[in-house]
Amino acid sequence: MLRVALKGIAHHKMRLVLTAMSIALGVSFVAGTFIFTDTIDNTFTTLFTDVYSGVDVSVRAAKPEMGAAAGTFDESVLAGVAKVPGVDRAVPSADGFAQLLTRDGKPIGGQGPPTIGTSWSDEPAMSAARIEPGNGRGARAPGEVVIDAGTAKAQKFAVGDPIDIAFQSGKETFTIVGIVSFGSADNLAGATLAIFDLKEAQRLFGMPGKLSGISIAAAHGVDRTQLATAVSATLPAGLEAVTGNQQTKETLDQITTAMGFISTALLAFAAVAVLVGAFIIQNTFRITVAQRTREIALLRAIGASDRQVTAMVVIEAAVVGLIASVAGVGLGVLIALGIRGGMDAVGVGLPGGSLVFEPRTVLVALAVGLVVTLLSVVLPARRAAGVAPMAALRDAETTQRRSLRGRAIVGSVLTGLGAGVLALALSGHVTNQTLGVVAAGALSVFLGVSVLAAIAARPAARFLGWPLPKMFGVPGALAQSNTARTPRRTASTASALMIGLALVTFVAMFAQSMKTSVDDRLAASFPADFSIQSSNQQVGVSQEYLAKVTALPQLGIVVPVGMTTLSINGHDSLVSIIDPATIEQVYDMKADRRVSELGSGIFVNEGAIKGGMRVGDSVTVKGDLGETTLKVTGAFKDETVGSYFISEQTATGLVRPAEPRVALVKVAKGAAPADARTAMNAIGASFPTIKVQDASEVAAEVGTQVDQMLALFQGLLLLAIIIAILGVANTLALSVAERTRELGLLRAVGMSRIQVRRMVRWEAVLIAAFGALLGIALGISLAWAVLKAMADQGITTIGIPYASIALYLVLAGLAGVVAAIGPARRASRIDILTAIATE
Amino acid sequence: MTTVTTTEAVRTIAAAMRAGRKIYGSGENAVTALRDIDIEIRRGEFTAIMGPSGSGKSTLLHTLAGLDTLNSGKVFLGDIELTALNERQLTRVRRDRIGFIFQTFNLVPTLTAAENIALPLTIARRRPDPEWFDFVVATLGLGDRLDHLPGELSGGQQQRVAAARALISRPEMVFADEPSGNLDSKAGGELLAFMRRAVQEFGQTIVMVTHDPSAAAHADRIVFLDDGMIVDEMIAPTATRVLDRMKTLGA
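Chains R and X supply the protein sequences, listed in that same order. Taking my numbering, I'd label the letters of the first sequence as residues 1 to 839. Taking my numbering, I'd label the letters of the second sequence as residues 840 to 1090.
Derived from the structure by calculation, the hints contain no laboratory data. Treat each hint with caution, since some may be false.
[Said to hold, decoys possible] Heads up, simulated SDA-like pairs for lysine to any residue below, C-alpha to C-alpha not over 20 Å straight-line:
1) R:470 x X:967
2) R:470 x X:984
3) R:470 x X:964
4) R:13 x R:290
[Unchecked claim] Coverage of chain R stretches by chain X, computed from C-beta distances (three or more under 8 Å per stretch; other residues unrestricted):
5) 627 to 635
6) 740 to 748
7) 825 to 836
[Claimed, not checked] One-sided excerpt, in silico: chain R residues whose CB lies under 7 Å from chain X:
8) 473
9) 474
10) 481
11) 485
Backbone N, C-alpha and C fix where the C-beta goes; we use that ideal spot for every residue, glycine too.
Chain R on its own, in the form it takes in the complex (with noise of 0.2 Å):
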């Protein structure tokens, strides 16, 4: 058996091709996605191990946090961890908040990796920054400052040159005394730095006379670990000495951590993909076993048993998966580096670094081909072994019409199921952990529905066809009834494509009705003329800006509310700090009291209170400087600025005092507010990272983040179209083949091959269409049900982005057009006479 598999293989090579392509990109996503992440965790590894090689044990503040708000001590601390015995060296630094600026005023990065400033330290052994000769020095008086040679290179800066860098108290101008590199990378992991002088640097960063850290080099001999136990004793309270391996270790984690999101959403795309494979799969197998009945029938009538009849479907179907798998580790290859070059467009700069190779990428990208493609072939494995030896001898060219009953009742139980499941998970609060049952509900639905689409297939290709007999004569009816006369067939194709436009579909209706509710709520929710935000997510609002524009006579009110993550119940949450007086005047959260009962309670979203949330209820709130227990003293509806509320006075036991993420403003009673707005930019000409937006700008703004989000979504989609195309092209290129005659004798009796083309493309069109509109109509269901249940969330309005949904119809007509190409060729180059001889 297997001789004779591995025969038909060489025999048809080109349906193979077809075939291992669909499974081979499916595959070269899941490769690509460990390549890539893979790859970035062994550069950011090597990266931070190099960086902190040389710091053998450094003090900080205890639970530091990301950024500005990191704590700083007193630098006296210096003196007495210098006296420690098995310290060689002590070197204090001071971190900040640093904006470099291009010339002509814009921030340089900030969007992605952070912008950072720090100290300069004259001890290179414990740095990896390095001052290559001809780079410039250090920075050692006021006005100086070092970059990172990315930076450089990337602004066209050099030594000598000025540079304005903004801080949270305003912009100054330095001049480039060095430019600092790591080794063979320019800046670390895309984060730009400015280095400046220890003095300036705690000017800068308002922090003077104290210190963001300490870095210890041991003497000869000395214990790492045991030196910070030794110098952790001598330090105040608030204070930790850790290792440099610690150090390490919680920084990769802090990637690991981030990097495992995006691997997540990176191989749920690839599930995408490796699932629209499978149809083809399943689809090809179908289709060549029918057309095989002949030949395996005559197998049995010479003595082949029904399970090696079966075996030689699996044999084939293992070599197809195996090569086609080989094949898409190959692609990962290139997916990867497809991936790298699209997070460098958006403006996530990775480090670069050779592409890494684990074993453990090849075993699973095999794994999932060769599984994928034998669990598609089970039933077409199961129909060959049933065709019976009689099979032979009978006319292979009538087909017998089997009931598509069998098919009505697992497509409903099916679909059933999964909205069953759909409508449970949605019943409740929508959480992160929610998703995983609605993607499985979602998926019985999809294969329900694939299975229920064989017997929509032939109404449809009657209604979506009607004009084509009327348009092109006997190639448009030809074209309608082709694609009726095998529904299954038909189905199975238009499911591929369908998988991909539900979920396209799926995301353009969230997007549209995310920008919608936004755009409603900033209508209903906001009295506020203008929010104020830093362009940079590191930092909150300047206090210097803010306490410049409160004294503005345009403006009438400024409404500072901070945010920080806080565990209620046990659940990181996040959480505005507000001030209960003045919040009403700027921002209606739609409470079910005055925000002034607030008191030192908490008010709490409506989501909360549907996961079983009561006002009067007592929660438990764990911040970085304490815990305690808060009353819920109310409920909110509109979530715009935050899903929890307290007060500045209750927050100043839990967290540290930081800056504003966001101020309100409301301009003076008479006061024009171009003109407020005119006064606000003049002050903001110092801080380049103020934004000052109205209403429509911030919805505008969320819409170019909601379309950028959008637009990668949909580019990781396009895989699976892509793939379902290859379907359509395949199955129309295997039904071209079986009709070899019938295409013959049309063209025996007149058809042009114009014509000929005219009908496969034309039956192309047709399958895509279905497939396009089950699709289309299975995203908008699947999307409402969602926002419907997210309506909580802040989804107030479900929008339908009609002109998206159109171009998909049309675009997925086109993409017919395209997979037909082939295919109606070699339809139209038919030799009539082969076509019509006789056997």
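The hints should help you fit chain X onto chain R, whose structure is shown.
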């Protein structure tokens, strides 16, 4: 042999091949299927082409019908030189001037009998003449089968539908390739009797390839082919005479 030069000849000669040579393959594997064939098909006549397997009879039919091309020589259909036409022009000639009946697989499985009959006309986006359509359908006894798909018809009925299709556009010429080859003797006899009537009653010209002497006996004239050459002719044949002749060809 006379040369086709006069309009008189054009009126009486429906199709002709001049010095037709056809070679399959090349080099050592080359097989000569037709060796300088000269043949004229007279209008209004039922011509049968007979010969043993490999004699080139099917090749002669295909080249006469413009389905296959010659290596050298010329083919005429009426006053049109088929050998001078390009693919698109040939397709139009097949569609508008020629009818075909093949041995098997004559019908498009997704179209009903009526649609199959009208196929050459609907491809050309023309409507069949309803009287002619009804007449042909009635003559072939297909009246109650028009809405059936080919799969629902017997072999004989399928071939009669094919015959109706071949005649629906009143072609100058009908080419039939073993039309009764897959039918039992009764159904085959009915089909051939109908072809005979078409020639007699409405002056249809038919060329048929067959190896069945009783089928060939329905023709006005039989052309015998052997090894790519015309070896004999027989006018007003009977089955017995044909059988005797075939024996000497060693078929």
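Hint check, residue 481 of chain R versus chain X [nearest Cβ-Cβ separation less than 7 Å]: Holds. Min distance 4 Å.
Status of the hint placing residue 485 of chain R at chain X (closest C-beta pair under 7 Å): For residue 485 of chain R, the interface hint holds, since the closest Cβ of chain X sits about 5 Å away, which is under 7 Å.
8 Å C-beta test of the segment 740 to 748 of chain R against chain X, three or more residues: holds (count 6)
20 Å limit on alpha-carbon distance, applied to hinted pair residue 470 of chain R and residue 984 of chain X: Outside the cut-off at roughly 25 Å; violated.
Pair hint outcome, residue 470 of chain R versus residue 967 of chain X [Cα-Cα no greater than 20 Å]: Answer holds: residue 470 of chain R to residue 967 of chain X is near 17 Å, not above 20 Å.
Stated coverage of the segment 627 to 635 of chain R by chain X [criterion: 3+ residues, CB within 8 Å]: Since three or more residues must qualify, the claim that chain X covers the segment 627 to 635 of chain R is violated, with 0 doing so at under 8 Å.
Chain X contact restraint for residue 474 of chain R - C-beta distance below 7 Å: holds, 5 Å
Chain X contact restraint for residue 473 of chain R - C-beta distance below 7 Å: OK, holds: residue 473 of chain R within 7 Å of chain X, min 5 Å.
20 Å Cα cutoff - pair residue 13 of chain R, residue 290 of chain R: holds, 18 Å
Residue 470 of chain R paired with residue 964 of chain X [C-alpha distance capped at 20 Å]: Holds - the C-alpha atoms of residue 964 of chain X and residue 470 of chain R are around 10 Å apart, at most 20 Å.
Claimed coverage, the segment 825 to 836 of chain R by chain X - three or more beta carbons nearer than 8 Å: Coverage by chain X holds for the segment 825 to 836 of chain R (3 residues, Cβ < 8 Å).
Hints 2 and 5 from the earlier list are contradicted by this structure; the remaining hints agree with it.
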